[in-house]
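Enquirer: Just need the whole structure built from these sequences, with the hints factored in.
The lines below spell out each chain.
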Amino acid sequence: MKRRRTNRWRGVVGVALVVGAVGLAAKRPPLLLLAGVGVVFAAYPDLAPRTEPAVGLERTVSDPNPDPGDHVEVSVSVTNQGDGLLADLRVVDGVPPTLSVVESLPRRGTALRPGETDSFTYTVRAERGTHGFEPATVVARDLAGATEFETTVGAEALTELDCTTPLSSAPVRPETLQQVGRIAADAGGIGTEFYRTREYHPSDSIGRIDWNRYAATGELTTTEYREERATSVLIAVDARASAYRGPDDHTHAVVRCVSGARRLVDVLSRTRNPVGVAGFGREYCLLEPDTGREHARRAHRILATHETFDSRPPTDPVDLEGQARQLRASLNERTQLVLLSPLCDDEIVRLARRLQLAGHAVTVVTPDPTDEGSPGRRLGQVERRNRETELRDAGVRVVPWAADEALESAFDRATRRWHR
Amino acid sequence: MTEPTRDRVSVSHRPARFSAAVAVLFAAGTVALLAPATALPALGLELVGVAVAAGGAGLRRSGWHLLGTLLVAIGVLVVGGAVAVAAAELGGLADISAVVPGMVGAAAVVAAVAPVRGTGSRGLLKVGATGVLVTVLVTGLVRNATFPTLLAGTAGTVLTWDAGEQATNVGEQLGREAATVRGEAVHIVGSVLVAGAAVGLGYGLRRVSLLSVSLGSFVLLLVGALLFTAALHD
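Chains A and B are the protein sequences, given in the same order.
The opening position of the first sequence corresponds to residue 1 in our numbering, with each subsequent residue numbered one higher.
The opening position of the second sequence corresponds to residue 1 in our numbering, with each subsequent residue numbered one higher.
What the hints contain is simulated information worked out from the structure, not anything from laboratory work.
Hints may contain errors.
Computed footprint of chain B on chain A, listed as stretches where at least three residues anywhere in the stretch have a Cβ under 8 Å from a Cβ of chain B [said to hold, decoys possible]: (1) 36-47; (2) 54-60; (3) 80-90; (4) 99-113; (5) 142-151.
Pairwise CB distance ranges (calculated) [stated by the list, open to error]: (6) B:Val189 <-> A:Ala403: 48 to 56 Å; (7) A:Arg297 <-> B:Ala21: 49 to 57 Å; (8) B:Ala21 <-> A:Thr60: 30 to 38 Å.
Computed from a prediction, not measured in an experiment: that's the story for all the values here.
Even glycine gets a Cβ: it sits at the ideal position worked out from N, Cα and C.
Expert: Next up, the structure:
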């Protein structure tokens, strides 16, 4: 909690002195007495009670799963949880930077007695993606306005607008999704599906000897079955400053990448694939692949709250080289990588190619941040298309994700293309 | 201009309406309280001018740029005319120097909290409040105003500054369009109560001083009180 003096009553001491001096010079006791008014006001800030504010904030949205373009009403109520009067309380709600307010304002100036609650509502227009509300900023001034406390409240109230369609209802089935990379079952071993036969080795179990063939040819052979291993998937989000781009009046690519990552976490954890989350950007962020509902929840929390995925771009330059090194160290050879990036520069393309060459199955899901318009933008589109081609040439699978397109239809298009 | 191109709500950080109106009321009330009856028509004319200018400023912002600018200009001219009328009516230099600073000051307060352009100005507000204070002091020196009137005038000056500054800082932090009346009202009620206490205290001290306390003792009392206040600051 920041505390600061506003010094707004400083001038009143001057008033007292000037009035007093005039009264003294004119030898008029009544005028001299007028200075008393200034003195009283000069003492006022120090006599007014000054309590640290304890403010509670609750936020509800009329529809947590709106369709794009819907107007969603947000109501915020603030409560004075302390035992002193909050004479001048100013609240600015933390509207997701990616949404715009279309009716009334997310701001309120009020006064609250202990225990009292005041609420206000405003309306935002939903856009595709998952949008987390940020903590509200609260400024509390004492009655005289001389001391000002500033703090944020409502960090624990994780309000979200989820303007996405769950992938389960989509034409893309989890199996198809796994084929986004290659199923990591190109290895023989113990399983149920026939893989191949090979020459017997004394260490092989008797149960796996192909007795039919022994009877026919007299040769000892061992049957191998396809090993069943769940594919572990690491979902990486490119959240470097260059990725924070988007068409005018639309959410930028990072918001779309993060919401896409969350859909993927849902779908993969439902099919019991170990799934992990990584992010390049403000700082490297990693949640190792694992299974389970608790793990999926953790992945969601990281995507919603970790500062790497903040909806405002990082200001410091990002060391992608170093972060990629950290990523490679945590990948085992069976982990496939789904990278979500708008492909706004060549660095990320190099990284994806290098990982693919190192033997990881890499899929790049790339939301389109460009729009029609100026020649500069058209040039950007061409550059992106070249990068996509470059990735495909290296064996990376690319899922182009047009603006305003639902993720599942992007997957659908991409899989149809791969199966052609 | 009816519809903005995007239906996105915007915030303008101009002084908050409620406190701004209160500040103007305090300024105008203080000047009217101290002015002689002959100056009241001129004050009324000034009020008309200020209203025209404020209306023009509103029109300018809602897209009627030319008409708005014209009205602002007319309003400013009317205010100037009102000051001239007051000077002509009053005649004596003493009366003029008692009334005119307050009239100019009140106009400056309006310009500070209801700006034609920009987000309000604390500097202009200071100029305005100083003008009103000069009126209080000169009235006390050259005209036979009663002591309670002078006390109320001084309190009114401080309240003008307080309400105007409150309007400015609420506007800075929350903007003019936000619902802020409740917080502003509580602040102003607090200040008015303190002003009432100050006037009461001054009046009481005046009664005491009638029982022959010397000027020197008064000065000591005042300095002592100021030092005490300073000591309260941490």
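Enquirer: Which hints from the list above does the structure break, by number from lowest to highest?
Expert: 2
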